[in-house]
Structures are given as C-alpha cells and as structure tokens.
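Asker: These are the residues of each chain, in order.
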Amino acid sequence: MLDWEVIPIPLFGRKNKEKKEEKKEGVSEALKGVLYGFAVHGAATAALKTRMHMEHLFMLMTLGDMLGFPIIPPYYSLKILPYVVPNIKSWKERLFRERDFTDLLSG
Amino acid sequence: MQVAFLETPSLWIIGALVAYGFAYYVYAKWVDEHIWEVSEKKVTPAHMYLDGVEYFPVSRYVLYGFQFKSIAALGPILGPFIAVAYGWLPALIWIVIGNMFIGWVQDYSTIMLTVRNEGRSMGPLVYNAIGERGRKILLAYLLFYLLIISAVFIYLVSLFWNVFPGSFIATIGIIITGLIVGELLYKYKANIFGVTALAIILTLISVGVGTAVAWPPKDFFGPWSIQVWSIILAIILFVGAIVPLPKFITPMNFVAVFPAIGGVLLIIFGALISPATGMKLIQPAFKGWYVQNVGPIFPILFVSIACGAISGWHSLVSTSTTGKQLDVETDARPVGAGAMLTEGLLATSALAAYMVVSPDLIAKGKISAFVNGATLLTAPFLGGDASKAYLLTFFSIFLVIYAITVQALVTRYWRVFSAELFRGSWEWLGNKYVATVIGLILPIIFALTGSWINLWIYFGGSNQLLAAMALTLVAFYVAKMNKPSWYSAVPAAFMTIVTLSALLWEIYTFGLSTFGIKKPLAKPPLTQYPGAAWALNALFFVIGIVLFVLGIYMSYALWSAYFKVRKGEVEAKAVSP
Chain A
1 MLDWEVIPIP LFGRKNKEKK EEKKEGVSEA LKGVLYGFAV HGAATAALKT RMHMEHLFML
61 MTLGDMLGFP IIPPYYSLKI LPYVVPNIKS WKERLFRERD FTDLLSG
Chain B
108 MQVAFLETPS LWIIGALVAY GFAYYVYAKW VDEHIWEVSE KKVTPAHMYL DGVEYFPVSR
168 YVLYGFQFKS IAALGPILGP FIAVAYGWLP ALIWIVIGNM FIGWVQDYST IMLTVRNEGR
228 SMGPLVYNAI GERGRKILLA YLLFYLLIIS AVFIYLVSLF WNVFPGSFIA TIGIIITGLI
288 VGELLYKYKA NIFGVTALAI ILTLISVGVG TAVAWPPKDF FGPWSIQVWS IILAIILFVG
348 AIVPLPKFIT PMNFVAVFPA IGGVLLIIFG ALISPATGMK LIQPAFKGWY VQNVGPIFPI
408 LFVSIACGAI SGWHSLVSTS TTGKQLDVET DARPVGAGAM LTEGLLATSA LAAYMVVSPD
468 LIAKGKISAF VNGATLLTAP FLGGDASKAY LLTFFSIFLV IYAITVQALV TRYWRVFSAE
528 LFRGSWEWLG NKYVATVIGL ILPIIFALTG SWINLWIYFG GSNQLLAAMA LTLVAFYVAK
588 MNKPSWYSAV PAAFMTIVTL SALLWEIYTF GLSTFGIKKP LAKPPLTQYP GAAWALNALF
648 FVIGIVLFVL GIYMSYALWS AYFKVRKGEV EAKAVSP
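These protein sequence lines are chains A and B, in that order.
Letter by letter, the first sequence follows residues 1 to 107 in the working numbering.
Letter by letter, the second sequence follows residues 108 to 684 in the working numbering.
Okay, chain A solo, but in the shape it has when bound (with noise of 0.2 Å):
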C-alpha cells in the first residue's frame, strides 16, 4: 500500500518563515527548480494522479463493501484490512471532493 500521507516531493516547499530564513536559497538551487519545474512537474503531478485512480480502484475492490459494492469476498478483506485502514481517511477526502470541469485542466 501506499502511503499518501507521506510522499517525498522533491524540492518540498519551505513551511515557514524561520526555515526560510534558516537556509539560504543560492542561485545554483534556484536553477534546479526552475528547470525540474519547466521540465518535470506537470509530468510528476499527473503520475501522482493517475496513481490516485488506480488507488481509489484498489480501495474500491478491497473496501467496497463499505460502500455497497461487495466485489471481493469479505474474507480476503478483511485480511487486507489492517494494511487498508490507515489510508481510509484520506481516501474518503479524495474521493469525495468536488472536482469541477475547469479542475480537470490540471489532468
């Protein structure tokens, strides 16, 4: 399982104002930014994407039964359960956000 709470990002934005000031940008990793930005970004958030729906898939078919959909036996479910249920949470917030037509933009 996968989990998504903590997922290494590279060059993570800074979190406050101490840590920015803490460390000192040079220009050598500004550079770096902006080129795996101009190069890489969009293609990482997408593979982030089509993660999350193959990882709504995977909970559906293990923990549908939640939701009404009991497409596996409830044996094998329970079995994964215990792998399943610290992502159970984030899960349902993903899932269940209201996506617009202009945020499909973003892929």
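It is worth saying that the hints were derived from the structure and are not from the lab.
Computed from a prediction, not measured in an experiment: that's the story for all the values here.
Heads up, the beta-carbon is just placed ideally off N, CA and C, and yes, glycines get one too.
A portion of the hints provided could be inaccurate.
Unchecked claim - The calculated lysine to any residue pairs, modelled on SDA-like cross-linking and capped at a C-alpha distance of 25 Å, are:
#1 B:K471 to B:G490
#2 A:K89 to B:V150
#3 A:K49 to B:A496
#4 B:K296 to A:P73
Said to hold, decoys possible - Covered, in the sense of this in silico footprint (three residues per stretch, anywhere, with C-beta under 8 Å from a C-beta of chain B), are these stretches of chain A:
#5 38-48
#6 59-66
#7 89-95
Got chain A sorted already, so can you dock chain B onto it with the hints?
Answerer: Structure of chain B alone, referenced to chain A:
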C-alpha cells in the same frame, strides 16, 4: 559589422526589461502588499488540504518553471507576426503596456483568488459569484474556445511542416526521442541526468537529420498538402490523447523543453547583442491604422498578440493547479507575475525577430518571417552562414513544439472534458475514442478555409475575453474584501470592450461573405469549391455569434455582480479568514 545601438532591437529589449522590472518590483509589490496583504503566516490550500496529489506545497522556483511552461505557447511567438503588420512600434507598446498593467494582474490575482478561496478553480469561483447558470455558460464557452484553439494550432503545425522541409522529420525524431526517454525513465528507472543528456543529443541529431534530408519538399502532397499534414498530425494527437500520459505526452513534453528554452535564450541573446552583430531594424515603426485582410488597429492589435500580453488560458492554469500548490502567499508574485512578465519578454524577443526581416515577408503574410528573423539574430554568433540551414530547421521545430505540446494537452483536455460533459446522457459522445475523434475532426474542418489569420483573431478574441472575465471575477472578489478593485476592474473593462469588438469585427467579416457581399474567405484548394468555402464562412459567422452571445452574457453577469458588491447590495466581507 557594428551598427548604431539605436538602429537595433537591443535598445527595445532593454527598455522592455526595465518596464517589466518596474511592473514586478514596484506595481506588483504594491498590489501584493496593499491590496491582497499577503502574509507568509496565512495557511494556503496546499497545507490546509495536503493530500500529496492535488494539494501539496511546492517551491516557488518549481512553480515558476511549471507556470511558465504551462502558459507559454505560440501566442507570444506568432502573435507579433500579425501585430507587426501595423508596424513594430504599436506591437511593442501593446506588449509592454499589456504586460505591465494587465497580463501579470490576471495571472497573479487568479492564483490569489484560488489561495484565498480554499483552492477553488475557475468554475466554482464563477459559481460563487454568479450562480449555476454562469458556470454552465462558462462550460459552453470553453467548449468553443477549445475548438478554436485546436483549429488554429492544428492548421499552423500543418503549415509549418508544409513550408519548412525537414521539420516533419525533426518532429518525428523528437517524438521518438520522447518515447525512448519515457521508457528509460519510467520502465528502466535510468539516471535522470544521463537521460536528459541523451534527450538533448538526440534532439540536436533530429534537427541535423531534418536539415540534411530536407524532405519532403513544400506542397509534397499537392494542393491538399496542408490538409494531409493535418490528418497526419491528428493521428499523432489521437495517440497522445488515448495512451497514458507517461507513455507519450509527458516524455515528449520533457524532450521538447530543451529546444524550447534554448530557442528563447538564443533569441534574447541575439537581440541584446544586435549592435555587435549588425542586425538592424528594417521594419517600419508604423505602417498604418488599417491593414487589408487583417482589420483596423483597434481592436485587432490588442487580440492578435494573445498570450504575449494577456491570456485567459493562464487563469485556467493558475486556478486549476498553481494556486493549489502555492507554499506561502508571498510566492504568488514571483510565480504568477514573474512567469507572465517572462512570457512578455518572450513576446518582445519574438518581436525583435520580426523587426530584422524584410518588410516584404510581413506584407505577403509569409509564415517563415519568424524563422528567418530568429536565424538572422542568432547565426552571427553560432557559426555564421554555415549554421543557417541548421538554425532554420531548429527554429521551425521551435515553432512546431510550442504548438504541438500545447495542442496535445488541449486534445486530451477535450477528451476528458467530453467524458465529464456527456455523463448520463449522450454517453457515447463521451467515449474516449469518439470524443477524441470529434475533437480532432471539427478543428480540421474549421481549418479547411486556410484563413488562419481570421481564425487567430477568433482565438485571440475568445482567449482574451476569458481573461476579461477572470479580471472581472478578481475585481468582484477584491471588492468583496473591501479593497480597491480598480487595479483589476479597469483592465477588465478595457479587455471586455476590446475583445467583444474584435469578435464583432470577425462576425462582420464572415458576415460579408455569408451574405454574398464579398467572396468567401478561403485559400486554395478550397477556392475551387465556392459552395464549401461559403458553408465554412457561414459556420464561422455562426460560431462568432455564439461566442459573442456567451461572452456578452458572462460579462453582463460578472459586471452586475461586481456593481452589486460595490453598491453594497451584496454583503462585503473578507474572503479569507
């Protein structure tokens, strides 16, 4: 050969840099601090809804690169080609003023709108301002907008392939490089630096092979060459829209990035050192208020440069992705305003390429003007005459990749969009194969007339009308925050008038041919089929009216909402906590 500084494009590039610096460091900073009152301590949606997929904080440098890549397309490069028909001075004035007072305002402010409204994208923001009907009208408007973009870009790529021998082979080389890179990166987990080096080398070899082979020649497929090229392009785009993104589009875009960045840097450098290389301004500064086959300077100049000055597409990017990944509010200025002003610099550099070519090329509407101008600017420091053939192919590829990478995403967007739109009823229209084919066939039919300048003005008009809507929306929310909204309302009013006038002008132009007052606008071989040419002109006439009516409705609804807030009929309150 050295020439006087004042006779070269260098002075104007430096002047534009100073103007953009003023816009960024003075005006944008003032808006940032006094109107939006940004703070690093306010929680952004990226942190509030952190899910690692849509919402996660990203470094401002990464977002700047992403934003620039997402907004830069053919607009700032080919737009000045139409604008320079009035002379380079009006084009330069509009690029600089448009960027300084309108362009960045929209990009920056729409990011802030999303940040201050819990990560909402354009649709929900419109819904909150004017209700469900407004959101539906926006959906219909975007549908036509995507078709017009596709028609223009598909036609132009086909035209480039037809006009520049060898550019098709080089494009195929880049696509194959993309496929190899995709496999190496995603399947074999190869080292990114090694793969990047390989991508650059293969891209340069592709351009070299295209230059050496220089095949197929112009009009290879006879009088229907452009249409045959359109079908070949449609097949490539179809594959791009159907297969998973990491298999085709994302690696192709990754490979295309390097010639795209390289080309921009080379042109800017070439323009800056033009006093040393002897490249003189040979275009007239001003040619006239009216240009045959293009139209009057007002409103056409203001929509022709499109994304080089302001673009509605940017508001979609800003609200759908960038605003959701902004780490801290203070990053909105470098990301939104910074990326837009960089695009302004790209437009200014493209204009420099047009400044140094023969006025005949512009007068005859030769699409090769940019490629020739860019080659003239860069050849003197890249090997002189010996490198000209290579550079001609390189800059033709430069045009192709800026169009094809955006078009691949637009086609895919259309497909996803149709699936969403036809969910429940007419479901077969949302089928991924059917939707993609429709999204490609309709633009090809639109492009049959060959009157790409008129299509471009439709594209510019609808694109910038979307920008006017975004600016009005910003004014509405800023007024709701009890802050001065003039900085967005004044540009919004100007752009609303300009874009609706431009659409009216094109409706009038196609109306003349629809009602038999003038011959239909068409180029060979369609001129041999006057009935078909007339039908297409009539279709454009109808599309123009539809865009105009939808635009009028949206503008009226948004402005009404804005004035209601101003009059206090809607409770003004701070949008953010």
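Asker: Now tell me, hint by hint, if it's right for this structure.
Answerer: Evaluated hints:
no.: 1; hint: B:K471 to B:G490; in the structure: violated (30 Å)
no.: 2; hint: A:K89 to B:V150; in the structure: holds (21 Å)
no.: 3; hint: A:K49 to B:A496; in the structure: violated (42 Å)
no.: 4; hint: B:K296 to A:P73; in the structure: violated (36 Å)
no.: 5; hint: 38-48; in the structure: holds (count 10)
no.: 6; hint: 59-66; in the structure: violated (count 0)
no.: 7; hint: 89-95; in the structure: holds (count 3)
The structure fails hints 1, 3, 4, 6 (numbered hints given earlier, in ascending order).
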